[in-house]
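With the sequences and hints as input, model every part of the structure.
There are 2 protein chains.
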Amino acid sequence: MVNLADVARQAHVSQMTVSRVINHPNLVSDEVRDLVNQAIKAVGYQPNRIAKALVNQQNYVIQFIVLEDIATVEPNYAILLLEIAEVLNQKGYTLEISTILEPNSHVDGLIVSGWRDSDLERLSAINVPMVLYGQAPTWYDLPYVDVNNRMGTSLATTHLIEAGYKKVIYIGMTMALPFVREREQGYLETMAKHHLVSRTYDVSNHSHDAEKLIQNIIAHLPKNTGIVCATDRIALGVVRALKAQSQIPENYGVVGFDGVFIDQITSPKLTTIKQPFRQLANTLVSNLLNQLHHSELKTELIQPRLVKRDSTRQV
Amino acid sequence: MVNLADVARQAHVSQMTVSRVINHPNLVSDEVRDLVNQAIKAVGYQPNRIAKALVNQQNYVIQFIVLEDIATVEPNYAILLLEIAEVLNQKGYTLEISTILEPNSHVDGLIVSGWRDSDLERLSAINVPMVLYGQAPTWYDLPYVDVNNRMGTSLATTHLIEAGYKKVIYIGMTMALPFVREREQGYLETMAKHHLVSRTYDVSNHSHDAEKLIQNIIAHLPKNTGIVCATDRIALGVVRALKAQSQIPENYGVVGFDGVFIDQITSPKLTTIKQPFRQLANTLVSNLLNQLHHSELKTELIQPRLVKRDSTRQV
Numbered sequence: 001m002v003n004l005a006d007v008a009r010q011a012h013v014s015q016m017t018v019s020r021v022i023n024h025p026n027l028v029s030d031e032v033r034d035l036v037n038q039a040i041k042a043v044g045y046q047p048n049r050i051a052k053a054l055v056n057q058q059n060y061v062i063q064f065i066v067l068e069d070i071a072t073v074e075p076n077y078a079i080l081l082l083e084i085a086e087v088l089n090q091k092g093y094t095l096e097i098s099t100i101l102e103p104n105s106h107v108d109g110l111i112v113s114g115w116r117d118s119d120l121e122r123l124s125a126i127n128v129p130m131v132l133y134g135q136a137p138t139w140y141d142l143p144y145v146d147v148n149n150r151m152g153t154s155l156a157t158t159h160l161i162e163a164g165y166k167k168v169i170y171i172g173m174t175m176a177l178p179f180v181r182e183r184e185q186g187y188l189e190t191m192a193k194h195h196l197v198s199r200t201y202d203v204s205n206h207s208h209d210a211e212k213l214i215q216n217i218i219a220h221l222p223k224n225t226g227i228v229c230a231t232d233r234i235a236l237g238v239v240r241a242l243k244a245q246s247q248i249p250e251n252y253g254v255v256g257f258d259g260v261f262i263d264q265i266t267s268p269k270l271t272t273i274k275q276p277f278r279q280l281a282n283t284l285v286s287n288l289l290n291q292l293h294h295s296e297l298k299t300e301l302i303q304p305r306l307v308k309r310d311s312t313r314q315v
Numbered sequence: 001m002v003n004l005a006d007v008a009r010q011a012h013v014s015q016m017t018v019s020r021v022i023n024h025p026n027l028v029s030d031e032v033r034d035l036v037n038q039a040i041k042a043v044g045y046q047p048n049r050i051a052k053a054l055v056n057q058q059n060y061v062i063q064f065i066v067l068e069d070i071a072t073v074e075p076n077y078a079i080l081l082l083e084i085a086e087v088l089n090q091k092g093y094t095l096e097i098s099t100i101l102e103p104n105s106h107v108d109g110l111i112v113s114g115w116r117d118s119d120l121e122r123l124s125a126i127n128v129p130m131v132l133y134g135q136a137p138t139w140y141d142l143p144y145v146d147v148n149n150r151m152g153t154s155l156a157t158t159h160l161i162e163a164g165y166k167k168v169i170y171i172g173m174t175m176a177l178p179f180v181r182e183r184e185q186g187y188l189e190t191m192a193k194h195h196l197v198s199r200t201y202d203v204s205n206h207s208h209d210a211e212k213l214i215q216n217i218i219a220h221l222p223k224n225t226g227i228v229c230a231t232d233r234i235a236l237g238v239v240r241a242l243k244a245q246s247q248i249p250e251n252y253g254v255v256g257f258d259g260v261f262i263d264q265i266t267s268p269k270l271t272t273i274k275q276p277f278r279q280l281a282n283t284l285v286s287n288l289l290n291q292l293h294h295s296e297l298k299t300e301l302i303q304p305r306l307v308k309r310d311s312t313r314q315v
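Protein sequences appear in the order of chains Z and E. Residue numbers for the first sequence follow UniProt numbering, so the first one is 1 and each next one is one higher. Residue numbers for the second sequence follow UniProt numbering, so the first one is 1 and each next one is one higher.
Simulated from the structure, these hints should not be mistaken for laboratory data. These numbers were taken from a predicted model, which means no experiment stands behind them. Ideal Cβ placement from N, Cα and C applies to all residues, glycine included. You may find that some hints are simply not true.
[What the hints assert, rightly or not] To give an idea of the chain Z side of the interface with chain E (calculated C-beta under 10 angstroms), a few residues:
#: 1; residue: Thr-99
#: 2; residue: Ile-265
#: 3; residue: Lys-269
Following this line, the structure appears as structure tokens:
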């Protein structure tokens with residue numbers, strides 16, 4: 001059994017330093033932390049969770065609750081989940097997964113995803129440190145972490161305008177969720193800023209619906225139109241409808257949103273707004289751990305980035 | 001705080017019966033179990049895990065280890081993970097997720113996915129009840145649960161033959177993994193059984209590679225050919241290459257494999273071999289729990305089913 005002493009020997013530091021890195025990483029320099037963490041890895045040391053819990057009165061367990069219906073789950077979750085697991089594992093925490101809103105009594109904190117507005121009342125009543133994945137109404141005072149959805153569609157809209165598409169339309173979703181409103185808002189604001197006329201359509205978040213919409217409106221859609229899509233899934237249907245006439249990116253430009261999996265399987269490859277899942281995972285975890293240490297409530301929006309591919313003109 | 005007595009009152013049974021349902025569900029009738037479980041749900045009772053652990057010397061924690069690179073993770077995992085979480089939650093177990101092969105000392109058992117042959121040596125050395133997701137070489141004596149891959153491609157091949165496609169080819173994957181070999185084998189065996197000439201191609205598991213392959217061989221591909229694809233992702237590329245000429249399903253029939261997410265977003269909709277993830281989750285969990293109770297090693301292959309859609313002729 002590898003112990004603290006082995007790590008200390010490997011890192012050429014005292015056992016107390018190793019203990020400090022494990023239990024109070026914020027109190028040591030980056031240099032020492034890296035050195036000790038490398039040694040921990042090298043000798044294969046596993047901090048004893050129960051011993052840690054006794055020292056810190058923590059269990060080192062974070063629960064991730066997915067309230068979304070499994071049937072509707074998108075690949076986004078797999079990525080976010082595994083990123084969170086990796087971040088927590090590195091910090092000596094364990095990640096538990098649950099599909100029901102009943103936090104186990106031994107968890108130190110919750111990350112809640114796939115919630116609806118109707119869940120927020122119940123969530124605010126739970127007396128455990130918590131961070132939501134996804135932008136929540138501010139009156140609940142629940143800290144959340146999300147991608148900056150408004151900035152994302154703003155980047156998409158600006159890109160299409162700069163690429164010279166004369167008209168720019170938006171295809172959004174028929175769902176009354178904050179991120180849906182935010183994504184639409186980012187388009188509307190950017191159009192207004194450029195003194196351009198907005199035009200929005202709504203579909204369900206299915207590629208076949210988006211495909212049908214384009215087939216229905218294509219006769220009234222002038223050439224040289226840019227299409228901002230609320231999701232890659234919608235963009236996939238749009239691309240499919242337009243590709244039959246090989247009109248991408250010359251006559252029509254298409255930008256999606258999410259940048260997970262679907263953007264890899266469209267043809268032509270999709271220009272999209274990429275959600276930074278690694279950064280989202282890091283921020284969700286550090287937000288929660290901050291709460292554990294200082295009871296700090298903080299809400300953060302992470303900047304997405306535009307990935308230019310073949311569904312829009314090069315600028 | 002809701003307790004055992006509340007559940008007993010709600011179910012009109014004794015507290016001992018409730019305790020038996022929670023701790024030894026196998027010893028009570030289905031009827032009593034359902035009754036008590038409904039009462040547990042109705043009053044919102046949470047069995048005290050620590051109390052349970054003391055009685056049974058179990059921690060009621062199962063760890064799911066994903067050894068696959070996060071970047072290559074497919075939507076399949078999100079589904080399987082959440083299904084397993086749900087099954088375990090219902091049984092009073094907690095699911096932990098980890099991306100590294102270091103089982104926590106407090107877990108009762110491991111479900112390991114995304115492993116490679118080179119991991120099996122290390123896995124066999126771990127002295128914790130374990131079940132692998134994915135067919136493993138039998139000489140390691142590690143129990144696994146998988147979909148019956150061979151049966152899947154056999155169903156696909158038979159369907160194309162019965163739909164009257166004269167020639168049936170197979171597009172497999174350039175990966176030396178058991179499930180890859182099994183899927184190819186299912187095609188080869190079925191062709192031999194029907195005294196038909198086999199023809200296999202290999203691509204990487206990316207739709208763009210499959211698309212390119214079809215574009216390269218289409219000149220030599222006679223009309224009335226059926227194409228068995230090792231994955232939906234490959235099938236997606238095949239469909240895209242063939243759709244340009246609107247030749248599906250009249251001249252070419254295409255069958256995929258997996259039935260998660262991608263099959264929903266292709267056009268035309270994909271005939272595919274659907275992996276029964278709910279059943280896989282249930283079997284992985286019950287296999288592991290059987291080991292906990294009787295040290296039984298058991299390997300199971302779950303039957304997939306053919307879902308007929310628009311990429312093959314109706315028979």
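A quick look at each hint next to the structure:
1. Thr-99: holds (5 angstroms)
2. Ile-265: At about 5 angstroms, which falls below the 10 angstroms cut-off, the nearest Cβ of chain E leaves the hint on Ile-265(Z) intact, so it holds.
3. Lys-269: holds (8 angstroms)
In summary, the structure agrees with every hint in the numbered list given earlier.
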